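S.K.: Sequence:
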Amino acid sequence: MDPSRAFVTNVKRLIVKVGTAVVTRGDGRLAVGRLGALCEQLKELNSQGYEIVLVTSGAVGLGLQRLRYRKLVNSSLADLQNAQFELDGKACAAVGQSSLMALYDTLFSQLDVTSSQYLVTDTEFRDTSFRKQLSETVKSLLSLKVIPIFNENDAVSTRRAPYEDSSGIFWDNDSLAGLLAMELKADLLVMLSDVEGLYSGPPSDPNSKLIHTYIKEKHQCEITFGDKSRLGRGGMTAKVNAAVCAAYAGIPSVITSGYATDNIIKVLQGKCVGTLFHRDAHLWTLVKELGVREMAVTARECSRRLQAMNSEGRRKILLDIADALEANESLIKIENEADVTAAQDDGYKKSLISRLSLKPGKISGLAKSIRVLADMEDPIGQVLKRTELADGLILEKTSSPLGVLLVVFESRPDALVQIASLAVKSGNGLLLKGGKEAKRSNAILHKVITSAIPEKIGEKLIGLVASREDIPNLLKLDDVIDLVIPRGSNKLVTQIKNSTKIPVLGHADGICHVYVDKSAKVDMAKQIVRDAKIDYPAACNAMVYSVPIGSQETLLLHKDLSSNGLLNELVSDLRHEGVTLYGGPRASSLLNIPETCSFHHEYSSMACTIEIVDDVQAAINHIHQHGSSHTDCIITENHEVAETFLHGVDSAAVFHNASTRFCDGARFGLGAEVGISTSRIHARGPVGVEGLLTTRWILRGSGQVVDGDKGVIYTHKDLPLQTPLYI
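For the sequence shown, the UniProt record's numbering gives the first residue as 1, with consecutive numbering after it.
Hints in this document: simulated from the structure, not taken from any laboratory.
Here the structure is a predicted model, which is why all the values come from computation and not from measurement.
Just so you know, not all the hints are guaranteed correct.
Derived lysine-lysine pairs resembling BS3-like cross-links, with alpha carbons at most 27 angstroms apart [stated by the list, open to error]: (1) 460 x 501; (2) 439 x 497; (3) 447 x 218; (4) 447 x 209; (5) 436 x 460.
Let the hints inform the model, and build the full structure from the sequences given.
M.R.: Written out as structure tokens, the structure reads:
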């Protein structure tokens with residue numbers, strides 16, 4: 001006996017559900033041989049003392065076949081020349097139900113087994129007295145060794161498909177079987193299908209594998225379902241849903257083939273047939289995930305194959321990714337909405353939910369950005385400098401991928417798409433770890449993106465790290481991972497920087513400032529301040545606070561603005577937009593607003609600190625003391641003051657008369673960004689493709705040796721980049 005099937009020793013009462021594809025043949029006629037074998041199995045189990053309840057489909061298929069024959073018999077010659085018969089499904093059900101039950105009665109009678117019939121609808125199960133009476137009647141029949149046969153009464157049912165109406169108790173015979181398993185307190189649910197069980201993909205795909213034990217945490221986002229039932233209302237999706245529901249209610253369930261003549265008996269013998277669903281499966285089944293080192297090593301191997309591909313090949317991968325995102329938009333939306341709903345139910349703050357949500361048009365926007373990125377110049381292998389070292393000895397400095405990137409990000413599933421596309425464009429392997437609040441969104445996006453990567457490169461080019469417990473182990477892999485990019489809170493970034501020898505690129509804070517000088521135009525100042533706050537306050541380049549770290553930011557105002565009315569207008573506009581205002585020592589007194597506890601304080605709501613400064617130099621000093629070297633802006637009509645600010649502020653991005661919201665990879669023309677770096681080494685500001693590249697040296701010679709530099713005459717002459725490779 002398979003250890004995972006040991007529970008069968010305690011099975012007394014079982015529900016057996018047989019699908020339409022088992023009951024009927026490919027041409028729609030009854031599969032009498034299979035039904036006979038099924039009844040013989042149930043007869044044997046009945047005689048061994050098992051209590052059996054049968055749920056059967058097939059009435060519609062059988063009725064369709066009989067009504068087609070009747071229609072054909074009663075048709076005129078003209079009708080036969082245009083033999084396209086439209087038959088009502090409920091009429092088919094009405095005819096087929098009596099025929100199906102008559103067949104079961106005949107087969108069981110030949111085996112000396114008594115059966116009984118129940119035709120039920122969803123509406124009846126809403127009546128508690130009906131459900132109580134049903135349980136009592138079934139209990140009585142089972143005590144007499146009678147086999148009750150259930151079928152949804154499709155002839156009169158008003159229930160539509162679950163995706164059209166989610167208010168029902170059951171929608172088909174699969175969900176009816178799951179419901180009966182719980183109502184009748186069954187010990188086991190066996191669902192018979194036309195395939196061996198649940199596969200990782202369509203059973204016809206040679207790469208699909210049979211899943212012997214279903215683990216919800218592992219498989220619910222990995223499985224690709226095929227089409228629904230050929231004639232019935234269910235299909236594998238419906239069977240899995242019913243099996244999961246029953247299993248998590250404490251009733252083990254097995255989906256297996258009804259084509260075999262003894263699979264039910266094998267299940268009860270504890271043999272490993274079909275797919276098992278059990279609520280404790282995650283506790284006693286080893287989930288075979290790639291170890292983090294193997295994941296990183298595999299990503300590097302895939303990246304080397306990607307680098308070896310020509311430019312057009314990498315371009316096509318990006319275009320395929322963009323197409324795949326748009327083709328799967330509805331599925332992505334469903335998973336994202338589930339994440340958003342869960343976050344709302346868990347009481348997450350609005351700022352996080354805003355970042356989590358993929359709003360209308362977001363997927364098409366991401367696809368458009370990927371196509372723009374695909375059409376940009378190929379960054380790999382670009383000759384940056386060519387030098388003649390000596391006669392016939394040519395040295396080239398070329399652009400090259402970094403290798404393997406580890407990106408840890410929070411909340412924003414759209415970041416996964418941007419980062420993945422940049423990794424492909426730059427030829428890097430990629431490991432991603434998103435926030436748990438975006439688990440379903442990240443999983444479906446990762447699946448869609450990797451499905452577009454050709455097999456010769458390998459889908460493991462981009463790996464999705466399952467658990468945050470893997471992060472410490474990943475941060476130890478300084479021999480495999482080349483760069484870590486954290487996108488998230490101050491705490492996250494600082495913790496990662498303190499936990500690894502791998503270079504870290506990112507910003508621990510995102511505190512941005514807008515300084516309004518005394519010469520600023522009123523309308524321009526109001527517009528820029530409003531945009532820097534309101535356009536998307538959850539972004540790291542927003543004036544008020546930064547989403548990745550939730551930091552509050554500051555509006556600096558020249559002292560003379562209080563006399564011309566602009567100060568009051570700006571304050572009034574911010575209050576009108578719902579911004580909570582705090583003040584520095586000077587502003588809080590002047591404006592009668594609460595004084596901030598710190599210019600480096602972190603908020604998680606729409607909030608802004610205002611402070612009064614004497615002049616541009618005071619503004620620069622304030623930014624250097626309290627800023628994070630992210631993005632800062634001056635609004636002024638004085639060119640000299642503007643230049644003082646632009647050259648005096650030591651930040652990654654410094655703007656004159658433009659919103660801080662422009663600090664973005666896409667808006668900078670980078671195609672996308674992996675984040676914004678406040679580091680001063682390697683990359684600074686929005687990091688696009690160039691920030692994910694390094695350089696390497698290629699030397700082309702003709703047999704030269706150093707030999708103490710005796711025979712080498714160095715010329716060190718700069719050459720045009722387009723000079724032929726060999727001269």
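S.K.: Are the hints correct? Go through all of them and say.
M.R.: Structure-based check of each hint:
Taken as a hint, the residue 460 and residue 501 pair is honoured in the structure, with Cα atoms around 24 angstroms apart against an allowance of 27 angstroms. Under the criterion of a C-alpha separation no larger than 27 angstroms, the hint pairing residue 439 with residue 497 is consistent with the structure, at around 24 angstroms. For the hint pairing residue 447 with residue 218, the CA-to-CA distance comes to about 13 angstroms; that is within 27 angstroms, so the pair holds. Among the hinted pairs, residue 447 with residue 209 is consistent with the structure: their alpha-carbon atoms are about 17 angstroms apart, no more than 27 angstroms.
Proximity of residue 436 to residue 460 is assessed by CA-CA distance (about 21 angstroms); at most 27 angstroms being required, the pair is judged to hold.
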